[in-house]
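Asker: For reference, the chains in residue letters:
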Amino acid sequence: MQGRPACKGIFAAVIAANLSLPIATAQAQTAAATVAAPATPRGVDGLPDLNGTWDNGAGIPWVRPQQVGASICIVGCEEIPQASPAAGTGAARPPMDRPRYRPEHIGKVQDLNARQVQEDPVLRCENPGLPRIGPPDKIVQIPGQVVFLYDDVNGNFFRIIPTDGRGHQADFEATFLGDAVGHWEEDTLVVETVKLNDRTWLTDDGSFHTADLRVVERLTRTGDTLQWQATAHDPAVLAEPWEMRPRTARLTDIEIVEAPPCIDRDLPLMQDGTSHDNPR
Amino acid sequence: MNQRPITASLLLILASCAAKAHHSVWGVFDPAEKFLLTGIVTEVDWINPHVYLHLDVTDEQGAVTSWRLETVPTAFLRRGGITQTMLMGDGEPVTVTGIVARADPHIGWVHRITYADGHFYQMANEGLDEGASQPSVPNP
Chain U
1 MQGRPACKGI FAAVIAANLS LPIATAQAQT AAATVAAPAT PRGVDGLPDL
51 NGTWDNGAGI PWVRPQQVGA SICIVGCEEI PQASPAAGTG AARPPMDRPR
101 YRPEHIGKVQ DLNARQVQED PVLRCENPGL PRIGPPDKIV QIPGQVVFLY
151 DDVNGNFFRI IPTDGRGHQA DFEATFLGDA VGHWEEDTLV VETVKLNDRT
201 WLTDDGSFHT ADLRVVERLT RTGDTLQWQA TAHDPAVLAE PWEMRPRTAR
251 LTDIEIVEAP PCIDRDLPLM QDGTSHDNPR
Chain H
1 MNQRPITASL LLILASCAAK AHHSVWGVFD PAEKFLLTGI VTEVDWINPH
51 VYLHLDVTDE QGAVTSWRLE TVPTAFLRRG GITQTMLMGD GEPVTVTGIV
101 ARADPHIGWV HRITYADGHF YQMANEGLDE GASQPSVPNP
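Chains as they are written, first to last, in the numbering used here: chain U, 1 to 280; chain H, 1 to 140.
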């Protein structure tokens, strides 16, 4: 809290006076981390079995739900009153992962960034596109094909990815998630996607791309975790391929569901035109 | 939990605790303008990208003010096991803390909602700007 000390005290006192709370700890998580990871399951073809629902935390490290009795904390759980003073203010946010642009395009990126509220398609409930959509939330894997399902705040999306050796479709017209084909490199599923329309951004800071964007994703399962890493290739505008920071998803029994409508009500309330702080 | 009425004067004190907060990239809400309300949840809009609670707050003169209180996406709540029905509660008064929208004094972002029996759902850091306040970094 950024309030003056006196006010901070008043606020804290009011909260403390109105709440009597048990405290969650991370002890259970620590203990779980010491247990050996389960073996990676494999299919009859010997390939890693990627089937399952994968919780990637929406890429937001400070969303760490905890339940204590009937109370539930979604964000900032370490700040529950009476928690350890050393608990801090929640998970630190890592530096933003940004692509680098050719000098002649930096001005356009900065201009779009300054007008994110007016320009960012994600803020208008559009498909975030690839790679901004992140790792799949569910994978269905059958011989010759994998299906990626997404439970995104902007809606439910899917990708059908052949893994039977066929190439890209010659007559495919560009879409938000493009035309993908996959193959295996040892235990890693490699997915190459092209024919991505140029209506999406790579991140929330004006990182535009062309319709020649090519994205290569690498997915590797280890036990009950799935690592996803994507690299964006767009040499016309990027100074170098953008190798995104890997993200780790964990197998979960919380099934994805039909997405509720995406209806943004914030844009008319924006006062300073700054970023909506969408962390993707 | 013994529910305490939150007086208008106390609310005023809290609301006046404006601070020189560092810049929040939340262009909608002011982390320096906090609210603490007691009222009745009349409706929950279970939509993305944000869920909304509608709260009717009755002041000491009996006047009712309706607040629209915003919180995280449905997927975040689902990960924690919070449903639309749970947010609605049982019709008893709830206490909600959070910060006020810059453009509308009766729109807010929820820090925590506490129900009459004392259980609560927390959807943001107490400071409401930590973890969400990193300015955009221009591309090199």
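Wrong hints could be hidden among the right ones.
To be verified - In silico negatives: residues of chain U with every beta carbon more than 10 Å from chain H: (1) Leu47; (2) Gln66; (3) Gln67; (4) Glu119; (5) Ala174; (6) Phe176; (7) Trp184; (8) Thr210; (9) Thr222; (10) Pro235; (11) Pro246; (12) Ala259; (13) Ile263; (14) Arg265.
As the list claims (entries may be wrong) - Derived DEER-like restraints, expressed as beta-carbon distance ranges: (15) His106(H) / Gln145(U): 47 to 55 Å; (16) His106(H) / Gln227(U): 38 to 46 Å; (17) His106(H) / Asp45(U): 31 to 39 Å; (18) His54(H) / Pro38(U): 38 to 46 Å; (19) Asp104(H) / Ala211(U): 34 to 42 Å; (20) Pro105(H) / Pro41(U): 24 to 32 Å; (21) Val140(U) / Gly81(H): 50 to 58 Å.
Unchecked claim - Which residues of chain U face chain H? A few of them, derived with a C-beta cut under 10 Å, are: (22) Cys73; (23) Gly76; (24) Thr188; (25) Val190; (26) Leu251; (27) Ile256; (28) Asp264.
Hints were generated in silico from the structure; no laboratory data involved. Since we're looking at a predicted model, the values are computed, not measured. Using N, Cα and C, we set each Cβ at its ideal position, and we do this for glycine too.
Asker: Of all the hints numbered above, which does this structure not satisfy? Sort the numbers upward.
Answerer: Per hint list: 2, 3, 12, 13, 14, 17, 20, 21, 24, 25 and 26 violated.
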